[in-house]
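J.: Sequence:
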Amino acid sequence: MREISYVQAINEALREELRRDPHTFLMGLDVGLGVFGATSGLVDEFGSERIRNAPISEAGYAGAGVGAAMAGMRPIIEIEFASFFYCCWDQVCNQAAKLRYMSGGQADIPITFRTVYGALGQAAAQHSETVYAQFMSVPGLKIVIPSGPYDMKGLLKSAIRDNNPVLVFEHMGLGRSKEAVPEEEYLVPIGKGAVKREGKDVTVVAIGLMVSKALTAAKALEKDGISVEVVDPRTLVPLDEETILNSVAKTHKVLVVDEGHLRGGAAAEIAALIADKG
Numbered sequence: 001m002r003e004i005s006y007v008q009a010i011n012e013a014l015r016e017e018l019r020r021d022p023h024t025f026l027m028g029l030d031v032g033l034g035v036f037g038a039t040s041g042l043v044d045e046f047g048s049e050r051i052r053n054a055p056i057s058e059a060g061y062a063g064a065g066v067g068a069a070m071a072g073m074r075p076i077i078e079i080e081f082a083s084f085f086y087c088c089w090d091q092v093c094n095q096a097a098k099l100r101y102m103s104g105g106q107a108d109i110p111i112t113f114r115t116v117y118g119a120l121g122q123a124a125a126q127h128s129e130t131v132y133a134q135f136m137s138v139p140g141l142k143i144v145i146p147s148g149p150y151d152m153k154g155l156l157k158s159a160i161r162d163n164n165p166v167l168v169f170e171h172m173g174l175g176r177s178k179e180a181v182p183e184e185e186y187l188v189p190i191g192k193g194a195v196k197r198e199g200k201d202v203t204v205v206a207i208g209l210m211v212s213k214a215l216t217a218a219k220a221l222e223k224d225g226i227s228v229e230v231v232d233p234r235t236l237v238p239l240d241e242e243t244i245l246n247s248v249a250k251t252h253k254v255l256v257v258d259e260g261h262l263r264g265g266a267a268a269e270i271a272a273l274i275a276d277k278g
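Our numbering puts the first residue of the sequence shown at 1, with every later residue one more than the last.
Bear in mind the hints are in silico, worked out from the structure with no lab data behind them. Take every hint as true, because none was put in to throw you off.
Computed list of lysine-lysine pairs in DSSO-like fashion (alpha-carbon distance at most 27 Å, straight line):
1) 253 / 223
2) 253 / 219
3) 223 / 178
4) 253 / 196
5) 192 / 219
6) 213 / 250
7) 250 / 200
8) 219 / 178
9) 196 / 277
10) 223 / 196
In this text the structure is predicted, and so the values were computed from the model without any measurement.
Let the sequences and hints guide you as you build the complete structure.
T.: So this is what it looks like as structure tokens:
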């Protein structure tokens, strides 16, 4: 099977979904140019009507995306860095997340928000934050965090086809990572985690980039006779509680690894789940 990079997986998913559904379009800062390579070449195939460069106003183009979703389109909104979500908090949390409830279930809001997150190099404080935990408490939002090219492509396609707002967080440190990815059509279901490595002594629940680091650590510990099971939630909302709890029930020891904030973070939420139900 061929191998492609994380960024190539994003590009393929976008291209395939744009071809599949004429109601789908992409909008964001410099998406025509493709700053990180994820949207490179799309404007050549689909034109500037469907690959729409936006001004530097996240509130403006996120709001336009929500309106387009209400009107029957299927927008993909690129927020260039996760920290920039603060600029469109109202549009995401107060509009997109609530409109299905406010319409009594009559309105679909099929919008996908893509963003880059995480610390890498010299991106500084306003381009390195991990903010997904702040959205976990907002009813109406789904949150996916792919840890490799295979999951990236399958989850992004599922997100675009979902009739609810989905936030897709892409770690900038994974861009060049490669993995076997089928050429034929496939989807990774939202809300289903994965056991990335079987083990019996301890469970490591890892999120995003931390999955590859956990797998590396597990391989090293194997030399010392320690068998580590690595669980990747893949989706934070809805969270696959069953996969996590089944692993913890088997090993009776658990470590949760996340790059996000300690207080009120995703790791804290998963730890609370295990303490409550494990």
